[in-house]
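Using the sequences provided together with the hints, build the complete structure.
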Amino acid sequence: MSAAPAYSEDKGGSAGPGEPEYGHDPASGGIFSSDYKRHDDLKEMLDTNKDSLKLEAMKRIVAMIARGKNASDLFPAVVKNVACKNIEVKKLVYVYLVRYAEEQQDLALLSISTFQRGLKDPNQLIRASALRVLSSIRVPIIVPIMMLAIKEAASDMSPYVRKTAAHAIPKLYSLDSDQKDQLIEVIEKLLADKTTLVAGSVVMAFEEVCPERIDLIHKNYRKLCNLLIDVEEWGQVVIISMLTRYARTQFLSPTQNESLLEENAEKAFYGSEEDEAKGAGSEETAAAALPARKPYIMDPDHRLLLRNTKPLLQSRSAAVVMAVAQLYFHLAPKAEVGVIAKALVRLLRSHSEVQYVVLQNVATMSIKRRGMFEPYLKSFYIRSTDPTQIKILKLEVLTNLANETNIPTVLREFQTYIRSMDKDFVAATIQAIGRCATNIGRVRDTCLNGLVQLLSNRDELVVAESVVVIKKLLQMQPAQHGEIIKHLAKLTDNIQVPMARASILWLIGEYCEHVPRIAPDVLRKMAKSFTAEEDIVKLQVINLAAKLYLTNSKQTKLLTQYVLSLAKYDQNYDIRDRARFTRQLIVPSEQGGALSRHAKKLFLAPKPAPVLESSFKDRDHFQLGSLSHLLNAKATGYQELPDWPEEAPDPSVRNVEVPEWTKCSNREKRKEKEKPFYSDSEGESGPTESADSDPESESESDSKSSSESGSGESSSESDNEDQDEDEEKGRGSESEQSEEDGKRKTKKKKVPEGKGEASSSDEDSDSSSSTSESEMTSESEEEQLEPASWRRKTPPSSKRAPATKEISLLDLEDFTPPSVQPVSPPAIVSTSLAADLEGLTLTDSTLVPSLLSPVSCVGRQELLHRVAGEGLVVDYTFSRQPFSGDPHMVSVHIHFSNSSDTPIKGLHVGTPKLPAGISIQEFPEIESLAPGESATAVMGINFCDSTQAANFQLCTQTRQFYVSIQPPVGELMAPVFMSENEFKKEQGKLMGMNEITEKLMLPDTCRSDHIVVQKVTATANLGRVPCGTSDEYRFAGRTLTSGSLVLLTLDARPAGAAQLTVNSEKMVIGTMLVKDVIQALTQ
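In this note's numbering, the protein residues as written are 16 to 1098.
Do not take every clue at face value.
Stated by the list, open to error - Mimicking SDA-like on lysine to any residue, the simulated pairs with C-alpha atoms at most 20 Å apart in a straight line are: (1) Lys572 with Ile533; (2) Lys357 with Ala334; (3) Lys95 with Arg75; (4) Lys928 with Ser961; (5) Lys58 with Asp88; (6) Lys58 with Asn85.
Claimed, not checked - DEER-style ranges, computed between Cβ atoms: (7) Asp136 with Glu59: 24 to 30 Å; (8) Ser365 with Asp589: 45 to 51 Å; (9) Ser189 with Lys438: 43 to 49 Å.
Treat the hints as calculated values from the structure; they're not laboratory data. Idealized CB from N, CA, C, for every residue including glycine.
Have a look at this one:
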């Protein structure tokens, strides 16, 4: 067999003779001279008889491979040394061969006898490496040799070699699938292996080769469950995934008869003596309560799987935690699924990639099992540093978790998100508000008013998204919202986003009877611009024309014919077809089509309101944690999760005869006694209530510690969890001693064990926790551990104690954990809800004000829109006049106008909700405002030299409106008049950090003195300071509250280049002023 092809192959990047080759790593900065002379040195070193030189050469070659260099031309020299006596050299040779055996197959085949000898080597690492190289040679001719090697390795004494054999099985199967039957025999043999090192690898081979052979798992099921805790993390993920599918085929669904869940059989199988004594009374009561139909009894093996996977929720590997979470979601009773919530929330502190996968799964879970994530609502609040995809997923989860109780909190969060600079996120937030309004009827009007407020937003994309959502909400009750439809109709002149224009036109056409005067005018405008519109808009214009023709043909007949004529010759065939179709329907022809008589029924039929649903609603048919679930599409190699069987298969297939010599083993006894650690008081205690209460008691101790530790101390949480494990193991060893003492102590042991759990959870919490909290924790946990007969005797006060506990377990550090409050009566909730949500989209922002555009002093600003104000229109202006009541206050003129048909009485300012330092001087009450009448009032606001919004209520006799006024930075100061020398003297005192300088280019329209002065003084309330030079402008003022000087200098050059300097003690005000003035001058 010739070796020539190996030399003629492309060397994949190695340089020619004498040519230098640059390193792949740009940071290395060096030149690696990889000419043949240097490779000759390596070859000479490999050909010597000295093992030290061979070892040095192999180290250098492996280092080249690690650096990404191509070392394939050294293959002949390296493969000779496969028979070297030195163990270290041999190991490195096998590392090299595993890398290049597939590329240099011919040369590797020449050494196959050496690899076979390596399979008999006394060193386990050499045997494993030889098998790994052999399985890497992808040549069908050596399949029998590979099969023989795998069979021998499967019986090897070393578990590492057996693990390598399991890894070689899928490689051989992909090379020759005809070997499946023989490989299944090997897999069956390896599945019986009792070592943790082999378990994960053989299950992976089983999944690749014969996943349908479920019968191979029966005998090994219990062993795999018990070994699971000690297998490496990769193996844990593979085994859990396989056992999930196995359980779905072998056990009955635990949710089919949830109310009759009983686990007496499980107690008899796994329970300890004290459990049997404790459960004797409960068995009798359960038997008395049994109905005629057979109740659900959880299979003991099903419980074994749930019990042994639960500790893995504390794993450091996110993949293992996610695997256990999906197992519990698909297999556990509803009452026990809640334990995974804590672990999944903990993963949200990990990297953004992990967060993305976890949130995808949480979004799916939160649709069906909303209750288990509700205590952790604040963990899904969005941070400004989150990537857009994470923000949108958290928004999805928050929307899924919204209910009548927490909707005020959720909508207040959404109110903040709307002001984000991330437009995709803002659009998703607006859609989330629409979903909340659909799902929770009582906040629908509030959300609708908030979305109407957004129509006056400066950002066109925000307005467009709001229009689309408003359209869907209006379909639910159109008759009540004629005003909003009119308001939307007026937006057609300004909104350019096609989807928004199409939504407005559809609304006007569908509800044209509510706007009979406006609809024809909208059609007239759209007919003018028809040819320039997008296709989606053109289709809705045709739709609008047809509906108006049917309802108001007198006014719109000619317009409709004009639109249909334009559409007839459109470039898009969809529009041409729609025009022909519509013309035949609405315009009766001579033949008298039968359909035209039913045109009204076709076009004006009542249409059901759209259902706004989560995009994750139907994703749960994919197995959680799988790639298919992430993509929402079936990926290659995905195996469907089987349905639960109708009848339980025979459980005896999993019974294994235990050899006599193992029955009395001390090790087995110790394992049996340590089982309470794995069960976490879930299986032995019997009722499912303890399983629910367990995570809550754990969550309390964690919430106390996490709320007082910092954001970066997630490691302390894992330390606490490790401490929990140690303490629980300690309790397990104590229980061994007590069991050896005899049955007589079992009853006495019951109460101290409860106390021990309480004290351990208190130790986890911070040392500063109050004693009253620790007492409450211990009382509540004792109560959960007591049997039903004891619980009846406890006084009512102790039952109410847990209701006031903190339940948000993994709260992030930026908020305080909430306490669960008793549910208020509906009337009280609704009034507080209105108060909380009335200002859903008003501008009471705590964002950096410099992100917001400045407001000119000359124009009026809208304070209350007439739709939101139910006919009351309120505007405001900054008058720049000193306020008579207090010179430190900004004078604001409030203009009222009544556009409704009824008088508005008792206009006054309600209780303001103001940040610290801000105060308001209210205007006198306006007793009555007749229809069509206007009035002006003056109020003073002390903004405390900040651009924070002043939030207050405008009240009438019947309503309260939440409004807010946010000042531009230029309105927070008053002009100061000083001489040029005084200006220079004061400017000299405000240098260094108090000086902000920016360069700008003045446009041609802003070169004259008059325009520059006018633009600067319009932006900021400053006084002009005389200046000796013609190309320099100076202005001065003082802040109203603190009286700090603000000096502004503009140095303009003839070519248009200019330099703006602001000197002020208030650096924040100076920075914002520079930005506003530059924006005014360069517009």
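Structure versus earlier hints, numbers of those that do not hold, lowest first:
none
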